[in-house]
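Sequences listed follow chains A and B, in order.
Here the working numbering is used: the first residue of the first sequence is 1, the next is one more, and so on.
Here the working numbering is used: the first residue of the second sequence is 1001, the next is one more, and so on.
Simulated from the structure, these hints should not be mistaken for laboratory data.
Heads up, simulated EDC-like pairs for lysine to aspartate or glutamate below, C-alpha to C-alpha not over 20 Å straight-line: (1) B/K1097 / A/D56; (2) A/K78 / A/D63; (3) A/K11 / A/E83; (4) B/K1057 / A/D102; (5) B/K1056 / A/D102; (6) B/K1059 / B/D1083; (7) B/K1109 / B/E1038; (8) B/K1097 / A/D102; (9) B/K1070 / B/D1102; (10) B/K1057 / B/D1067; (11) A/K11 / A/D86; (12) B/K1056 / B/D1071; (13) A/K11 / B/E1041; (14) B/K1059 / B/E1017; (15) B/K1097 / A/E44; (16) B/K1097 / A/D57; (17) B/K1070 / A/E44; (18) B/K1059 / B/E1015; (19) A/K11 / A/D24; (20) B/K1056 / B/D1067; (21) A/K78 / A/D24; (22) A/K17 / A/D63; (23) B/K1109 / B/D1083; (24) A/K15 / A/E83.
This is what each chain is made of:
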Amino acid sequence: GAGVSQTPSNKVTEKGKYVELRCDPISGHTALYWYRQSLGQGPEFLIYFQGTGAADDSGLPNDRFFAVRPEGSVSTLKIQRTERGDSAVYLCASSLGISGTDTQYFGPGTRLTVL
Amino acid sequence: TQLLEQSPQFLSIQEGENLTVYCNSSSVFSSLQWYRQEPGEGPVLLVTVVTGGEVKKLKRLTFQFGDARKDSSLHITAAQPGDTGLYLCAGEYHAGKSTFGDGTTLTVKP
Chain A
1 GAGVSQTPSN KVTEKGKYVE LRCDPISGHT ALYWYRQSLG QGPEFLIYFQ GTGAADDSGL
61 PNDRFFAVRP EGSVSTLKIQ RTERGDSAVY LCASSLGISG TDTQYFGPGT RLTVL
Chain B
1001 TQLLEQSPQF LSIQEGENLT VYCNSSSVFS SLQWYRQEPG EGPVLLVTVV TGGEVKKLKR
1061 LTFQFGDARK DSSLHITAAQ PGDTGLYLCA GEYHAGKSTF GDGTTLTVKP
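My request is simple: use the sequences and hints to build the entire structure.
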């Protein structure tokens, strides 16, 4: 079956612009996660959803970052007034549930470059 | 913030050698995962350990969770070039939330 997909695969934008990153999870997975991975580092938790609601957004770095999952499937990560420090690979993952024993399946990521 | 320190950061060995990667923290985790990540792709789960002292084997890979659930190790026996990649550990500290180590980049030379 289809895995987690993310679009676009690459996004180049200018400082101050607004960007949206999309994640299509595996069908039937209720949990969806967003991570950010900077060069040479491991993924950093941003937010996770159970169904439509953001269960925990404590990892979002500031109020320029926002994510939605209106119908409990596709999710969009939105970044306002982008800064050069936002440049990173943004990873999405989905799982059946939020237990540590529920396997998280990752998408290939969106590489965001802010010039 | 829960921190997971992985060591070594880089490891380059010859085919057939054994190696161990370590993942250490001062925090207790309810579970710990090991992933492998290839360039341009997301991490892929190798194993989840849950119980302190647990040992899991996956072919030539052996994973151990520390008794206190604060540390873990990954041992590879007779490494092969196909084992080359980035290995990441991740500790679950709250339902739905995990902290990742910065990874070990393994290169196995034929």
